[in-house]
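From just these sequences and the hints, can you work out the full model?
Sequential numbering from 0 applies to the sequence shown in numbering that gives the first Met the number 0.
None of these hints come from the bench; they were simulated from the model.
Model, not experiment: these values are computed from the prediction.
Mixed in with the good hints, there may be bad ones.
[Said to hold, decoys possible] What follows is a set of in silico ranges between Cβ atoms, one per label pair, in the way DEER data are often shown:
1) G25 / K45: 17 to 27 Å
2) H62 / R99: 34 to 44 Å
3) L100 / S50: 54 to 64 Å
4) L59 / F114: 19 to 29 Å
5) R95 / R19: 13 to 23 Å
6) R113 / D66: 41 to 51 Å
7) G48 / I112: 52 to 62 Å
8) Q94 / M23: 38 to 48 Å
9) A89 / M23: 29 to 39 Å
10) Q63 / R95: 25 to 35 Å
11) R80 / N108: 30 to 40 Å
Even glycine gets a Cβ: it sits at the ideal position worked out from N, Cα and C.
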Amino acid sequence: MASSSSSTYNSPCAACKFLRRKCMPGCIFAPYFPPEEPQKFANVHKIFGASNVTKLLNDLPSHQREDAVNSLAYEAEARVRDPVYGCVGAISFLQRQVHRLQKELDAANADLIRFACTEMPPPPPLAPNVSDHHHLNNIIHDHPMMSGPPRQGAGGGDSIRMRIGVDILSTLFYGSLKNK
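Structure below.
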């Protein structure tokens with residue numbers, strides 16, 4: 000709780016002072032609206048009304064009242080600052096800011112990946128233009144791993160040849176894109 004009953008200090012709480020009434024022991028407002036924060040109650044009263052706040056606080060368990068008052072004070076201050084949108088305007092602004100910053104982070108990560116890829120060692124020497132199909136076939140068939148008897152393994156000789164063929168093609172294709 001913010002403070003105990005203000006009547007022990009002979010100073011009324013901010014709510015009782017604002018409402019120009021005597022702050023009695025057990026005042027529902029005293030723990031949440033100390034005399035040092037008069038604007039807090041003024042905003043809450045302006046937006047929600049003292050009677051509504053009293054009803055709300057009386058209906059809540061005592062352990063939830065402080066959170067409720069803090070929420071009311073935040074919403075009231077936001078509504079005073081922005082009468083049209085209130086706290087929804089602030090939330091929308093922050094959501095747009097998070098979205099913009101996420102886009103910036105994604106762009107920075109993409110730049111980082113591009114930079115890291117340019118720092119990788121270059122691929123082996125590239126073949127001439129990929130559109131030269133005859134030359135490409137000769138490269139694949141003349142590759143040492145593609146000639147000779149099929150090797151025995153988990154996938155058989157054909158699967159090893161297929162994998163090596165894909166590796167060669169991807170090196171030729173991606174290597175040719177990198178040089179353009």
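Do the hints match the structure? See the list:
no.: 1; hint: G25 / K45: 17 to 27 Å; verdict: 25 Å, holds
no.: 2; hint: H62 / R99: 34 to 44 Å; verdict: 39 Å, holds
no.: 3; hint: L100 / S50: 54 to 64 Å; verdict: 43 Å, violated
no.: 4; hint: L59 / F114: 19 to 29 Å; verdict: 55 Å, violated
no.: 5; hint: R95 / R19: 13 to 23 Å; verdict: 43 Å, violated
no.: 6; hint: R113 / D66: 41 to 51 Å; verdict: 47 Å, holds
no.: 7; hint: G48 / I112: 52 to 62 Å; verdict: 56 Å, holds
no.: 8; hint: Q94 / M23: 38 to 48 Å; verdict: 44 Å, holds
no.: 9; hint: A89 / M23: 29 to 39 Å; verdict: 36 Å, holds
no.: 10; hint: Q63 / R95: 25 to 35 Å; verdict: 32 Å, holds
no.: 11; hint: R80 / N108: 30 to 40 Å; verdict: 36 Å, holds
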